[in-house]
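2 protein chains.
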Amino acid sequence: MNLIDTSNGTHETVSDLGEHQLIEWLHSRIPSPPPWVKVELGDDAAVVEPKRNSSTVLTVDALIEGIHFDFSFIKPIDVGFKSLAASLSDLAAMGATPRVTLLSLALPPKLPLRVFKDMVNGFLEAAKQHSIQLVGGNLSRSPGPLVVDVTALGAVGRRRILTRRGAKPGDELFVSGTIGSAATGLKILKAEPSILQNNSSCPSAIERFCRPTPRVRLGELVGKNRAASACIDLSDGLADAVHQLASANDVGMKINSKAIPIDPDVVRWCQEHGSNALEVALQGGEDYELLFVVPKKSRRNFLALKRLIREVSLTSIGVVTSEIEVLLEHNGRTSLLPPGFVHF
Amino acid sequence: MNLIDTSNGTHETVSDLGEHQLIEWLHSRIPSPPPWVKVELGDDAAVVEPKRNSSTVLTVDALIEGIHFDFSFIKPIDVGFKSLAASLSDLAAMGATPRVTLLSLALPPKLPLRVFKDMVNGFLEAAKQHSIQLVGGNLSRSPGPLVVDVTALGAVGRRRILTRRGAKPGDELFVSGTIGSAATGLKILKAEPSILQNNSSCPSAIERFCRPTPRVRLGELVGKNRAASACIDLSDGLADAVHQLASANDVGMKINSKAIPIDPDVVRWCQEHGSNALEVALQGGEDYELLFVVPKKSRRNFLALKRLIREVSLTSIGVVTSEIEVLLEHNGRTSLLPPGFVHF
Numbered sequence: 001m002n003l004i005d006t007s008n009g010t011h012e013t014v015s016d017l018g019e020h021q022l023i024e025w026l027h028s029r030i031p032s033p034p035p036w037v038k039v040e041l042g043d044d045a046a047v048v049e050p051k052r053n054s055s056t057v058l059t060v061d062a063l064i065e066g067i068h069f070d071f072s073f074i075k076p077i078d079v080g081f082k083s084l085a086a087s088l089s090d091l092a093a094m095g096a097t098p099r100v101t102l103l104s105l106a107l108p109p110k111l112p113l114r115v116f117k118d119m120v121n122g123f124l125e126a127a128k129q130h131s132i133q134l135v136g137g138n139l140s141r142s143p144g145p146l147v148v149d150v151t152a153l154g155a156v157g158r159r160r161i162l163t164r165r166g167a168k169p170g171d172e173l174f175v176s177g178t179i180g181s182a183a184t185g186l187k188i189l190k191a192e193p194s195i196l197q198n199n200s201s202c203p204s205a206i207e208r209f210c211r212p213t214p215r216v217r218l219g220e221l222v223g224k225n226r227a228a229s230a231c232i233d234l235s236d237g238l239a240d241a242v243h244q245l246a247s248a249n250d251v252g253m254k255i256n257s258k259a260i261p262i263d264p265d266v267v268r269w270c271q272e273h274g275s276n277a278l279e280v281a282l283q284g285g286e287d288y289e290l291l292f293v294v295p296k297k298s299r300r301n302f303l304a305l306k307r308l309i310r311e312v313s314l315t316s317i318g319v320v321t322s323e324i325e326v327l328l329e330h331n332g333r334t335s336l337l338p339p340g341f342v343h344f
Numbered sequence: 001m002n003l004i005d006t007s008n009g010t011h012e013t014v015s016d017l018g019e020h021q022l023i024e025w026l027h028s029r030i031p032s033p034p035p036w037v038k039v040e041l042g043d044d045a046a047v048v049e050p051k052r053n054s055s056t057v058l059t060v061d062a063l064i065e066g067i068h069f070d071f072s073f074i075k076p077i078d079v080g081f082k083s084l085a086a087s088l089s090d091l092a093a094m095g096a097t098p099r100v101t102l103l104s105l106a107l108p109p110k111l112p113l114r115v116f117k118d119m120v121n122g123f124l125e126a127a128k129q130h131s132i133q134l135v136g137g138n139l140s141r142s143p144g145p146l147v148v149d150v151t152a153l154g155a156v157g158r159r160r161i162l163t164r165r166g167a168k169p170g171d172e173l174f175v176s177g178t179i180g181s182a183a184t185g186l187k188i189l190k191a192e193p194s195i196l197q198n199n200s201s202c203p204s205a206i207e208r209f210c211r212p213t214p215r216v217r218l219g220e221l222v223g224k225n226r227a228a229s230a231c232i233d234l235s236d237g238l239a240d241a242v243h244q245l246a247s248a249n250d251v252g253m254k255i256n257s258k259a260i261p262i263d264p265d266v267v268r269w270c271q272e273h274g275s276n277a278l279e280v281a282l283q284g285g286e287d288y289e290l291l292f293v294v295p296k297k298s299r300r301n302f303l304a305l306k307r308l309i310r311e312v313s314l315t316s317i318g319v320v321t322s323e324i325e326v327l328l329e330h331n332g333r334t335s336l337l338p339p340g341f342v343h344f
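Chains E and W, in that order, give the protein sequences. Heads up, the first sequence is in the working numbering, so the first residue is 1 and it goes up one at a time. Heads up, the second sequence is in the working numbering, so the first residue is 1 and it goes up one at a time.
These aren't lab readings, by the way, just hints derived from the structure by calculation. Do not take every clue at face value.
[What the hints assert, rightly or not] Here chain E is said to cover these stretches of chain W; the calculated rule only asks that three of the stretch's residues, wherever they fall, bring their Cβ under 8 Å from a Cβ of chain E:
#1 39–50
#2 58–70
#3 91–98
#4 139–151
[As the list claims (entries may be wrong)] Label pairs and their calculated CB-CB ranges:
#5 W:S72 to E:R333: 51 to 61 Å
#6 E:S194 to W:E192: 52 to 62 Å
#7 W:G157 to E:R165: 28 to 38 Å
#8 W:K306 to E:R217: 48 to 58 Å
[Claimed, not checked] The calculated lysine to any residue pairs, modelled on SDA-like cross-linking and capped at a C-alpha distance of 25 Å, are:
#9 E:K128 to E:P203
#10 W:K224 to E:V37
#11 E:K168 to W:G42
#12 W:K51 to E:R158
#13 W:K110 to E:P108
#14 E:K117 to E:Q129
#15 E:K51 to W:P33
#16 W:K75 to E:P143
#17 E:K258 to E:R158
#18 W:K224 to W:T163
#19 E:K38 to W:K110
#20 E:K38 to W:K254
#21 E:K306 to E:Q129
#22 W:K51 to E:A155
#23 E:K168 to E:I324
#24 W:K38 to E:L221
#25 E:K51 to W:P34
#26 W:K51 to E:W36
#27 W:K38 to E:E49
#28 E:K297 to E:E323
#29 W:K38 to E:S54
#30 W:K254 to E:H20
#31 E:K38 to W:S54
#32 W:K110 to E:D70
#33 E:K190 to W:P108
#34 W:K38 to E:N53
#35 W:K296 to W:K190
#36 E:K254 to E:H243
#37 E:K51 to E:W36
#38 E:K168 to W:E24
#39 W:K38 to W:S15
#40 E:K190 to W:P143
C-beta: ideal position from N, C-alpha, C; glycine also.
Build the full structure now, drawing on both the sequences and the hints.
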């Protein structure tokens, strides 16, 4: 089954419209830029005024058809949304406020125009939600898969930059939201793609997979009130993030499996379908939650933060240790935390 | 024939090494960053201090295997070099000084490790030549072609920004360097790929195709001394650039075919091989020269600029007109300038 809807009777492809017209259409969809955008789409490059007294945070991320998504289980509009959400999550992990984005698309010439438009609409929806302005990009032809490459820029106060470095033994590890939902959503969609058009057994997991919420406001606040000494986002799963954070700081970490916040609906779905919810939570990617480290001296700032951030839970899942080992406490036994997801 | 050299006896692929090791290798090749780079490769995002009193210029460009290049006629090291040169040319067209770049690669898992390393080395060679720092990026697996996506950021004084807009009837049109060389180089390489390893009938054209020189210093100076009222780079050929510049300004342009600077070696090669040199110069892309507009009142600034820029010729090729037509004067006859290259 393919979710691309051609039932409106048109079978136009992107190559029917041509590069200039695609760009024109795209341009017409972009809201007016804020005054600090000096040159937007349509010139050789975009020009923006940097935010006063701030550093510029920049990141790039790609979604590739056949690797990160497949139109048999996700709609084009959600691919567009997710492609920006992934980069926004990187900005959030640095404590940055989103500002501008560039969208580089490699389009198979036979890609239905509808898919292109839906994808751009999804991208712009995410952009609107998180107040980031599309100021430039690139359209190329692809002889293979559709490739969505997203660059995002943000601003962060010079002394508010959150990095992966700064964790010390004794610090506490926190994670936002719930873990394993996106991976469960993907499993459900891969098993029953028709679910996208119907009711589902676990709609929250599907929503989390298709429309992830990058923790932009949380990242900004964590950076601003200095609650955390180090932070990383969970693009490739909790286990991977814990390992990367430990390795960046030359420390160990000990995670308590019972503390890992898993959505009860996901736990139930996993039980019913013979999946191990803990494994899904550790290995499953694309939750786009934040994992951050709170030193004892920042405990008060953290509690203040918790009062401000009511829309997302913040859960203590373990501690930073001085032994260079990443451990998982599970059912009274301690073992090495398995490594995370690797792209190759 | 394939130019990928596996004669060193290793047949390692990028998937043999794996994502983390590829990133580590890449990291080890990057020179120490300048002090205004606060966070570089290895975190969720990079952080840089904006240049004081400057605007940020940003652009993204992609090179895709099978569309923009093919290892049957260009070496991996040159693909890496060109991928950055294309983005640098966009910065130059805005009058910007290059600062930082992000490299997003979609790698087929069977890509020889040698190709990956050569490509990165070529990219870093271009980065060194033009003083731009690689601060971040992304590695993905590709189920299809190799995709090289390059984001580049530069800085430009707030009142020194060069855009495509500003051309007025009566202004003079100038182009830098020589035109049609890169397209001729591509023709030669496609006809005789063995040339890459041998002597060639037109080495300058091949060099121009494989190792283009983005006009970074020229762009900076044109912006700084306000010699030009509008500027664009020639990524898709002269005809395309003239049409785009005319359309951005709601004006016409008249080009004199005799004035177009074509390398005499290219003219000779075209004569010997039954190509029309003028057609190649108008339609052929990837010269990465600058096309800019000099108003009468800026004539003195322009002459001052010409004295400063001795390494590249600046040639008057036509004028801006009030009739909304783009014309070519050729052998005493005036006709519409054919449109440029289109990607779809």
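Results for each hint:
no.: 1; hint: 39–50; in the structure: holds (count 10)
no.: 2; hint: 58–70; in the structure: holds (count 10)
no.: 3; hint: 91–98; in the structure: holds (count 4)
no.: 4; hint: 139–151; in the structure: holds (count 10)
no.: 5; hint: W:S72 to E:R333: 51 to 61 Å; in the structure: holds (57 Å)
no.: 6; hint: E:S194 to W:E192: 52 to 62 Å; in the structure: holds (54 Å)
no.: 7; hint: W:G157 to E:R165: 28 to 38 Å; in the structure: holds (34 Å)
no.: 8; hint: W:K306 to E:R217: 48 to 58 Å; in the structure: holds (53 Å)
no.: 9; hint: E:K128 to E:P203; in the structure: holds (24 Å)
no.: 10; hint: W:K224 to E:V37; in the structure: holds (21 Å)
no.: 11; hint: E:K168 to W:G42; in the structure: holds (19 Å)
no.: 12; hint: W:K51 to E:R158; in the structure: holds (14 Å)
no.: 13; hint: W:K110 to E:P108; in the structure: holds (22 Å)
no.: 14; hint: E:K117 to E:Q129; in the structure: holds (18 Å)
no.: 15; hint: E:K51 to W:P33; in the structure: holds (22 Å)
no.: 16; hint: W:K75 to E:P143; in the structure: holds (20 Å)
no.: 17; hint: E:K258 to E:R158; in the structure: violated (37 Å)
no.: 18; hint: W:K224 to W:T163; in the structure: holds (13 Å)
no.: 19; hint: E:K38 to W:K110; in the structure: violated (43 Å)
no.: 20; hint: E:K38 to W:K254; in the structure: violated (30 Å)
no.: 21; hint: E:K306 to E:Q129; in the structure: holds (22 Å)
no.: 22; hint: W:K51 to E:A155; in the structure: holds (14 Å)
no.: 23; hint: E:K168 to E:I324; in the structure: holds (12 Å)
no.: 24; hint: W:K38 to E:L221; in the structure: holds (20 Å)
no.: 25; hint: E:K51 to W:P34; in the structure: holds (21 Å)
no.: 26; hint: W:K51 to E:W36; in the structure: holds (16 Å)
no.: 27; hint: W:K38 to E:E49; in the structure: holds (19 Å)
no.: 28; hint: E:K297 to E:E323; in the structure: holds (22 Å)
no.: 29; hint: W:K38 to E:S54; in the structure: holds (12 Å)
no.: 30; hint: W:K254 to E:H20; in the structure: holds (23 Å)
no.: 31; hint: E:K38 to W:S54; in the structure: holds (12 Å)
no.: 32; hint: W:K110 to E:D70; in the structure: holds (21 Å)
no.: 33; hint: E:K190 to W:P108; in the structure: holds (24 Å)
no.: 34; hint: W:K38 to E:N53; in the structure: holds (14 Å)
no.: 35; hint: W:K296 to W:K190; in the structure: violated (43 Å)
no.: 36; hint: E:K254 to E:H243; in the structure: holds (11 Å)
no.: 37; hint: E:K51 to E:W36; in the structure: holds (8 Å)
no.: 38; hint: E:K168 to W:E24; in the structure: holds (24 Å)
no.: 39; hint: W:K38 to W:S15; in the structure: violated (31 Å)
no.: 40; hint: E:K190 to W:P143; in the structure: holds (19 Å)
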